[in-house]
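J.: Single-letter residue listing:
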Amino acid sequence: MRLRQLVPQARDLIERCLRGDRRAQRLFCEGHAPQMLAVCQRYLRNLEDAEEVLQNALLKALDKLAELENRDRPEPWLKRIAAREALNFIRQKRNVFVELDESSEEIATGETDFPKGFEAEELMRLIRALPMGYRVVFNLYAIEGYEHQEIAELLGIDPATSRSQLHKARKQLQSQIQNRMLHIR
Amino acid sequence: MENTDHKNPVDSYFREGLTDHRASVRPEFWERLAGELESKKRLPWGFGLKVAASLLLMAALGTWWVSRSGQVALPLGESNSGADVVQIAPVSEDVKNPQAQPSTPAVARTPVLSSAPPTGLKKRQRNREVSSESHASAGAEKASALRSEPVVALSNHGLPPVAEYSPEMRIKFVLPPADRLIDPLIEQTQPPLPYDEQLKAYAAASVKHWIRGEPLSELPKPKLPIQEFKKPVEDIFALGDDLGKWFNEPRVKPGQPQNKPQQ
Numbered sequence: 160m161r162l163r164q165l166v167p168q169a170r171d172l173i174e175r176c177l178r179g180d181r182r183a184q185r186l187f188c189e190g191h192a193p194q195m196l197a198v199c200q201r202y203l204r205n206l207e208d209a210e211e212v213l214q215n216a217l218l219k220a221l222d223k224l225a226e227l228e229n230r231d232r233p234e235p236w237l238k239r240i241a242a243r244e245a246l247n248f249i250r251q252k253r254n255v256f257v258e259l260d261e262s263s264e265e266i267a268t269g270e271t272d273f274p275k276g277f278e279a280e281e282l283m284r285l286i287r288a289l290p291m292g293y294r295v296v297f298n299l300y301a302i303e304g305y306e307h308q309e310i311a312e313l314l315g316i317d318p319a320t321s322r323s324q325l326h327k328a329r330k331q332l333q334s335q336i337q338n339r340m341l342h343i344r
Numbered sequence: 540m541e542n543t544d545h546k547n548p549v550d551s552y553f554r555e556g557l558t559d560h561r562a563s564v565r566p567e568f569w570e571r572l573a574g575e576l577e578s579k580k581r582l583p584w585g586f587g588l589k590v591a592a593s594l595l596l597m598a599a600l601g602t603w604w605v606s607r608s609g610q611v612a613l614p615l616g617e618s619n620s621g622a623d624v625v626q627i628a629p630v631s632e633d634v635k636n637p638q639a640q641p642s643t644p645a646v647a648r649t650p651v652l653s654s655a656p657p658t659g660l661k662k663r664q665r666n667r668e669v670s671s672e673s674h675a676s677a678g679a680e681k682a683s684a685l686r687s688e689p690v691v692a693l694s695n696h697g698l699p700p701v702a703e704y705s706p707e708m709r710i711k712f713v714l715p716p717a718d719r720l721i722d723p724l725i726e727q728t729q730p731p732l733p734y735d736e737q738l739k740a741y742a743a744a745s746v747k748h749w750i751r752g753e754p755l756s757e758l759p760k761p762k763l764p765i766q767e768f769k770k771p772v773e774d775i776f777a778l779g780d781d782l783g784k785w786f787n788e789p790r791v792k793p794g795q796p797q798n799k800p801q802q
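Chains A and B supply the protein sequences, listed in that same order.
Residue numbering for the first sequence follows my numbering, starting at 160 and increasing by one per position.
Residue numbering for the second sequence follows my numbering, starting at 540 and increasing by one per position.
FYI, nobody ran anything at the bench for these hints, they're computed from the structure.
The beta carbon of each residue, even a glycine, is placed where N, CA and C say it ideally should be.
Hints should not be assumed to be uniformly reliable.
[Stated by the list, open to error] A few chain B residues facing chain A, derived, Cβ under 8 angstroms: (1) H560; (2) F568; (3) V605.
[As the list claims (entries may be wrong)] Stretches of chain B that chain A covers, calculated by requiring three or more beta carbons in the stretch to come under 8 angstroms of a beta carbon on chain A: (4) 551-559; (5) 569-577.
Between the sequences and the hints, there should be enough to build the whole structure, so can you do that?
T.: Laid out in structure tokens, this is it:
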């Protein structure tokens, strides 16, 4: 009970942010930035780029806070903003699919037993090792939950391209996990 | 939005592993973000636009005010009956001696002149009225100097009166024909003033008008014939107290260059 009084509820915090309370805005940013940065880092390898995107995402979130419907649980909304901002950043910097390198594919075949206890950081590293196109489609489809049609519209590509990118991303991730397990053993 | 392909083990493995994953934010980031928030709060677009609009408005008003304040206030008081403005035009022809003209004062008050122009004179405008060689080169300062020259009224001249500024300057000003000063309609409805009053008003208004630099074309059409005025010019100046003083006081500034004769 005491803790609840000390830590403002998400809704209260948002209300205060909307009233222009600077302290509340800072608390809001500090509370949600780590999750949003994790999203940004899944799309962008460079930490500086990820932080730039995070900053834009936070400012945009504060701007559009009035549009947030579920004020008790703003995390999904904020993650979506972060993902969108990351995509915008990638679009501005270069073509998403320029980096598609077929030679980098080392597609493993067969079923894989996924190890337990892989740290999130390790998973992040595996995702960041993917080529840009694979990484973006895998993030959008597997992690964010977008459909191929939506991804195609977001990225301006054909849905079939999205499917093939996802397939290749999965294969590469699977292969890397297997390699890592072999290394561990 | 959620896709239906939840069964893929790779997807599930990564999705579950990265749920609620948090990355640590570097301290520098918070400083940058605080700066951004500060600047965003301090200077929103709307505020900037308002400031720009206000500055533009102030600049426009300032320009307008400065242009107005360039006008010079009259040195004379608003005395001498109702007469406000009379045109004085530069001499362009010989001035006749109207001494022998009869005196039949039949002039009405000069309400014509009540439609006075704004008090004040643009120096540039007044310069235009001074028809002399110095006209072209005379700037605002020169115009001011001309006005402060002592006036030597042409004695032995009746009306139309001629006020000749110091002979060195060789600038002559002729009071406009008196018949251009009186509104015929007003004349019909108001009793005529005594001769001296007419003269006084006429002279004062004439000089004021010259000071203001009003062009002749802007004068209302009067009716009084020239013959109505027969007194010499010095009488005119003597009648108007302020006017006479102003004209008769030597105001030449020491070292002030004087123009060559016009003729």
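J.: Each hint should be assessed against the structure and marked as holding or not.
T.: Against the structure, the hints come out as follows:
At its closest, the beta carbon of H560(B) sits 4 angstroms from a beta carbon of chain A; the interface hint therefore holds under the 8 angstroms criterion. About 5 angstroms separates the beta-carbon of F568(B) from the nearest beta-carbon of chain A, less than 8 angstroms, and the hint is met. Because the smallest distance between the Cβ of V605(B) and any Cβ of chain A comes to about 41 angstroms, over 8 angstroms, the interface hint for this residue is violated. By the rule of at least three residues with a Cβ nearer than 8 angstroms to a Cβ of chain A, the coverage given for the region 551-559 of chain B holds, with 6 such residues.
A count of 6 residues in the region 569-577 of chain B with a Cβ less than 8 angstroms from any Cβ of chain A is obtained; the coverage claim is therefore met, three being the minimum.
Going through the hint list in order, the structure does not satisfy hint 3, though it satisfies all others.
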